[in-house]
Amino acid sequence: MLSNISKNLRTCTGYLHKYCSTSVAAIENKSNAIEPRTLAFPPKYQDPRQIWLESLDTIDQRKLALLELHPAVFAASPRIDVIQQNVRWQQLYRYVSYAHTKNKFEVRGGGRKPWPQKGLGKARHGSIRSPLWRGGGVIHGPRSPTPHFYMLPFPKRLIGLTSMLSVKFAQDDLHIVDSLELPTDEPGYIEELVKSRLWGPSVLFINLEDIMPRNITVATEQVKHINLMPAYGLNVYSMLKHNTLVLTRAALDHIENKLLENLHMNDPKAVLAKFKVDQC
Amino acid sequence: MFRNILCSFSRLAIATRTPQSNVFKNTSDNLVKQITVRNFSLLNIQAPLAAPKLLENAPKPQPAATSTRTVTKFSIRKGKRKSVKAVLKRFYRLQWGIWIRTKAGRNKKLWKKNPPQKRRLRQHVFCNSTQSHMLDKMVGPYWRKPRYFIDDPYQPYHVRNEFERSRVTPKPYIPPEDRI
Amino acid sequence: MSNTTEKALNLLRYLPRVCISNIRDNPGAHKQARRGRGQHGGDYHGAGNKGAKARQSYTRLGYEMGNNPFYLRFPFEPYYKGHHLKRQYPPVSLLNLQKLIDTNRIDTTKPIDLVAIMNTGLFRLYPDQQHFGFQLTDEGADIFSAKINLEIQWTSEPVIAAIERAGGFVTTAYYDAQSLHAMINTKKFFERGIPIPRRMMPPPDAIEYYSNPANRGYLSDPEKISKERLVLAQKYGYTLPKLDDQILEMLKERKDPRQIFYGLHPGWVVNLTDKVILKPLDEELKEYYAS
Amino acid sequence: MSLRCYFSQLLRSRLSAHSNTYKNSVRHATYKASPFAEDIEPTVKYEVSKNPEEWKYVERALPLTIVPQPIRKESYPSGWKPQTEDVKKLPYLVQRTKNHMIPVYLQISQRGVRRHTFVRKIQGDINLLEQELKEFLQKESFQPIRSQVNELTGIIRINGDHVNAIKYFLEKKNL
Numbered sequence: 001m002l003s004n005i006s007k008n009l010r011t012c013t014g015y016l017h018k019y020c021s022t023s024v025a026a027i028e029n030k031s032n033a034i035e036p037r038t039l040a041f042p043p044k045y046q047d048p049r050q051i052w053l054e055s056l057d058t059i060d061q062r063k064l065a066l067l068e069l070h071p072a073v074f075a076a077s078p079r080i081d082v083i084q085q086n087v088r089w090q091q092l093y094r095y096v097s098y099a100h101t102k103n104k105f106e107v108r109g110g111g112r113k114p115w116p117q118k119g120l121g122k123a124r125h126g127s128i129r130s131p132l133w134r135g136g137g138v139i140h141g142p143r144s145p146t147p148h149f150y151m152l153p154f155p156k157r158l159i160g161l162t163s164m165l166s167v168k169f170a171q172d173d174l175h176i177v178d179s180l181e182l183p184t185d186e187p188g189y190i191e192e193l194v195k196s197r198l199w200g201p202s203v204l205f206i207n208l209e210d211i212m213p214r215n216i217t218v219a220t221e222q223v224k225h226i227n228l229m230p231a232y233g234l235n236v237y238s239m240l241k242h243n244t245l246v247l248t249r250a251a252l253d254h255i256e257n258k259l260l261e262n263l264h265m266n267d268p269k270a271v272l273a274k275f276k277v278d279q280c
Numbered sequence: 001m002f003r004n005i006l007c008s009f010s011r012l013a014i015a016t017r018t019p020q021s022n023v024f025k026n027t028s029d030n031l032v033k034q035i036t037v038r039n040f041s042l043l044n045i046q047a048p049l050a051a052p053k054l055l056e057n058a059p060k061p062q063p064a065a066t067s068t069r070t071v072t073k074f075s076i077r078k079g080k081r082k083s084v085k086a087v088l089k090r091f092y093r094l095q096w097g098i099w100i101r102t103k104a105g106r107n108k109k110l111w112k113k114n115p116p117q118k119r120r121l122r123q124h125v126f127c128n129s130t131q132s133h134m135l136d137k138m139v140g141p142y143w144r145k146p147r148y149f150i151d152d153p154y155q156p157y158h159v160r161n162e163f164e165r166s167r168v169t170p171k172p173y174i175p176p177e178d179r180i
Numbered sequence: 001m002s003n004t005t006e007k008a009l010n011l012l013r014y015l016p017r018v019c020i021s022n023i024r025d026n027p028g029a030h031k032q033a034r035r036g037r038g039q040h041g042g043d044y045h046g047a048g049n050k051g052a053k054a055r056q057s058y059t060r061l062g063y064e065m066g067n068n069p070f071y072l073r074f075p076f077e078p079y080y081k082g083h084h085l086k087r088q089y090p091p092v093s094l095l096n097l098q099k100l101i102d103t104n105r106i107d108t109t110k111p112i113d114l115v116a117i118m119n120t121g122l123f124r125l126y127p128d129q130q131h132f133g134f135q136l137t138d139e140g141a142d143i144f145s146a147k148i149n150l151e152i153q154w155t156s157e158p159v160i161a162a163i164e165r166a167g168g169f170v171t172t173a174y175y176d177a178q179s180l181h182a183m184i185n186t187k188k189f190f191e192r193g194i195p196i197p198r199r200m201m202p203p204p205d206a207i208e209y210y211s212n213p214a215n216r217g218y219l220s221d222p223e224k225i226s227k228e229r230l231v232l233a234q235k236y237g238y239t240l241p242k243l244d245d246q247i248l249e250m251l252k253e254r255k256d257p258r259q260i261f262y263g264l265h266p267g268w269v270v271n272l273t274d275k276v277i278l279k280p281l282d283e284e285l286k287e288y289y290a291s
Numbered sequence: 001m002s003l004r005c006y007f008s009q010l011l012r013s014r015l016s017a018h019s020n021t022y023k024n025s026v027r028h029a030t031y032k033a034s035p036f037a038e039d040i041e042p043t044v045k046y047e048v049s050k051n052p053e054e055w056k057y058v059e060r061a062l063p064l065t066i067v068p069q070p071i072r073k074e075s076y077p078s079g080w081k082p083q084t085e086d087v088k089k090l091p092y093l094v095q096r097t098k099n100h101m102i103p104v105y106l107q108i109s110q111r112g113v114r115r116h117t118f119v120r121k122i123q124g125d126i127n128l129l130e131q132e133l134k135e136f137l138q139k140e141s142f143q144p145i146r147s148q149v150n151e152l153t154g155i156i157r158i159n160g161d162h163v164n165a166i167k168y169f170l171e172k173k174n175l
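Protein chains in written order, with UniProt numbering: chain D, 1 to 280; chain R, 1 to 180; chain B, 1 to 291; chain H, 1 to 175.
Here chain D stands alone, though its shape is the one from the complex:
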């Protein structure tokens, strides 16, 4: 409990520190080279959010430009209940319980009537392995293997992703970098960078392709709490697990476009249909 409170204090102070630092940092004059983002499905009611485009070239923060984010993805209503359902689904759908108990017929022995029905003044029993007995069979016990597979409905997975991204953005845990290129490949550099920019101890870098630049891969090899992930691997559980989420510009475009297209999908029959386990 105490550790939890101290961690929160540190993050709160982190917010305050960041506020005063943003006003002071000079914006790189290179921002005109980066063309502004145009939003597909222009938002009508909510105004678009803005975020700094940063770079990993130097340790301390360098802001290249100001990017616009679509409110339907990054300012959606933060449905904590749907986020929890996604987490529970991600944990359960791959879980297979191998717990196993024997029922009365599987327990060794117990075929013979232990004593005659009447006459001994004892209770009547037909088998020494009935559930009443010690060492007897179990009724309705767990039978192995029990899969806990189920598919969360597609709209819930969609809302899970959008609310998770909105929560990360609202809590200043979302950062956009132009690319994952690092000048060196020692782990020290990336750790120093994360510390100086007050990103949470655990960082999740999201890149569009699943082949990452060499330097960052080598740098984050040993560091367990800094991980790399391709855009198609984005999921609610990993985003929750890591404190900070860092997207490259290409990954941001891809993720936002894909989420918006699924929000305006023309023919959702295939997606809303019941998940066919045998896929034929």
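Hints listed in this document are in silico derivations from the structure and should not be mistaken for laboratory results. It is possible that part of the hints are untrue.
Claimed, not checked - Think about it this way: if two alpha-carbon atoms lie no more than 30 Å apart in a straight line, the pair counts; the simulated DSBU-like pairs of lysine-lysine are:
id	chain 1	residue 1	chain 2	residue 2
1	H	Lys121	H	Lys172
2	B	Lys224	R	Lys103
3	D	Lys276	B	Lys279
4	R	Lys145	D	Lys274
5	B	Lys110	B	Lys7
6	R	Lys103	D	Lys274
7	R	Lys78	D	Lys104
8	B	Lys188	D	Lys274
What the hints assert, rightly or not - From the derived model, a few chain D residues whose C-beta atoms are all more than 10 Å from chain B:
id	residue
9	Ala76
10	Arg88
11	Arg94
12	Tyr98
13	Pro155
14	Val167
15	Gly200
16	Lys269
To be verified - Far from chain R by the CB rule (all over 12 Å, computed), these chain B residues:
id	residue
17	Ala29
18	Leu72
19	Pro78
20	Ala146
21	Met200
22	Pro257
Ideal Cβ placement from N, Cα and C applies to all residues, glycine included.
Given the coordinates of chain D, assemble chains R, B and H onto it according to the supplied hints.
Below, chains R, B and H without anything else, positioned relative to chain D:
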């Protein structure tokens, strides 16, 4: 060979249970089917029968499998619920949920029934909601699906939006200025 | 101005970081599936005291304690006779069609057929349950006012009048189950990489309907159809509007009785990845697909 | 049916799931992305045509991936009206569904006895909308209007069948 033993065995098991009254009626048409199936099934082609002696091997009366008219909650092979065909032979479901049926005795003793009574007997009438709900449970979802036949006589009766209780689509709203 | 989403997002700025340990689902979302085993869940295990409830011995559905049951009391009536043989046509109303055109879901600059209607993603068709296409119903006939070249599988006279009064054309065309499977999900069909099937002739009881010019059948004679258009115009008391020429070209487009898609002949194989069409050169194949 | 199998074997090697409009994120580690074992020679002669004219017909047959935006017209005979453009300064907004329809639905439950109207996708001041709705509906119905606001999901649930009344109310306020 195996199939033959099986149906003879099932015939034997059933013979003991069914009451005598409808035994003969079932066997005649079922027996014919049994024989033809056995002759043409690939599995057991027998030598052509010797000239049939009429008396000894006259067809022994054995009842065929009786068709059950009750609800089977879990079938043997797939463990699924079965539709009661008896219901489908007597009733018809309208899409808004009610079932219609004919009147009992509409072809019986017509000579002593007066014309208004005969007219009432010819009508098809609604069942009440408890009966319809029971019939819905006795029949699978395949029979509750809407059907879109061409020139279907029941087509206008499948939608009944005049009554609040049987309305499925939202009520029309007449704005205050359009009201008379 | 209280905006719930903005309020929630502002609140999140001052709350500790959301992580797996500090979130939960709505109260009451998950009911305990546990059975009363013991420690106050035992005794009668929730089954009450004796009787059918405890012994799970309720009478079966429909049984009336020996009385002649309701569902067996009445004589047979062939209500469902031949229900699995008759062709079915799920309805599309003229009001639906007009709404699709207004909301730009259907492009009226191109001929509209079953593929265009299915591509809107708002209709379902199951050919394996004897659905042979859509029928056009006359709800919204008086407000219909779009110049379209429509191909539908079944329709009635007032509907034809409504479309032609608005300055459009309608034809009724028959599709067999295999071609319907291809048309319902065209992307999935093209990805299978098999040749486009040849559309079959209508069955005997449908040939008469589809070769009758009054129903604008696709097998009937075009001159007779234009004569029928005049007859219908007089009957319903409207004048056929003059057709302006740039859409006249589109309005004239028709499919060959063996064709499923506009512009694509049976036998062709469409390759979506290379954006290429493979056409058979074999004499025997060509003759088969052309006949 | 040699016809069918020779074509499908030939094509299965080159077909991928679907062509995206934006840069596709290539997956190097899956079965689909892995190259085909070996190429099978087709036995039947065929010609490959790249004619853009014919491809236009294929494009016409393929479905759209996104719901198209409605075009501004001077009249909409079907009675459907598009949403007004400047909604920024309104106290609340009932956002249109992706099919551009007003999200007001009738839910019938308890075997047809309970009929509730749902107004979904509400943004902005939901309580203000609820008051105005109750005021408007109360004029017509002799019973008191009972309603329930779910602020988190932006849904108002009203007892009774008022779907078309609410749609008229929203269109009148040109939402």
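Consistency of the hints with the structure:
1. H/Lys121 <-> H/Lys172: 18 Å, holds
2. B/Lys224 <-> R/Lys103: Violated. B/Lys224 to R/Lys103 sits at ~49 Å, over the 30 Å cutoff.
3. D/Lys276 <-> B/Lys279: Violated: D/Lys276 and B/Lys279 sit about 35 Å apart, past 30 Å.
4. R/Lys145 <-> D/Lys274: The given pair, whose Cα atoms are some 19 Å apart, holds under the 30 Å limit.
5. B/Lys110 <-> B/Lys7: 48 Å, violated
6. R/Lys103 <-> D/Lys274: Violated, because 43 Å separates the two Cα atoms, which is more than 30 Å.
7. R/Lys78 <-> D/Lys104: 26 Å, holds
8. B/Lys188 <-> D/Lys274: 18 Å, holds
9. Ala76: Its Cβ does come within 10 Å of chain B, the nearest being 7 Å, so this is violated.
10. Arg88: 7 Å, violated
11. Arg94: 16 Å, holds
12. Tyr98: 20 Å, holds
13. Pro155: 15 Å, holds
14. Val167: 5 Å, violated
15. Gly200: 7 Å, violated
16. Lys269: Violated: least Cβ distance 7 Å, not greater than 10 Å.
17. Ala29: 28 Å, holds
18. Leu72: 6 Å, violated
19. Pro78: 8 Å, violated
20. Ala146: 24 Å, holds
21. Met200: Non-interface label on B/Met200 holds, nearest chain R Cβ at 19 Å vs cutoff 12 Å.
22. Pro257: 21 Å, holds
Hints 2, 3, 5, 6, 9, 10, 14, 15, 16, 18, 19, counting from the list given before, are not met by this structure.
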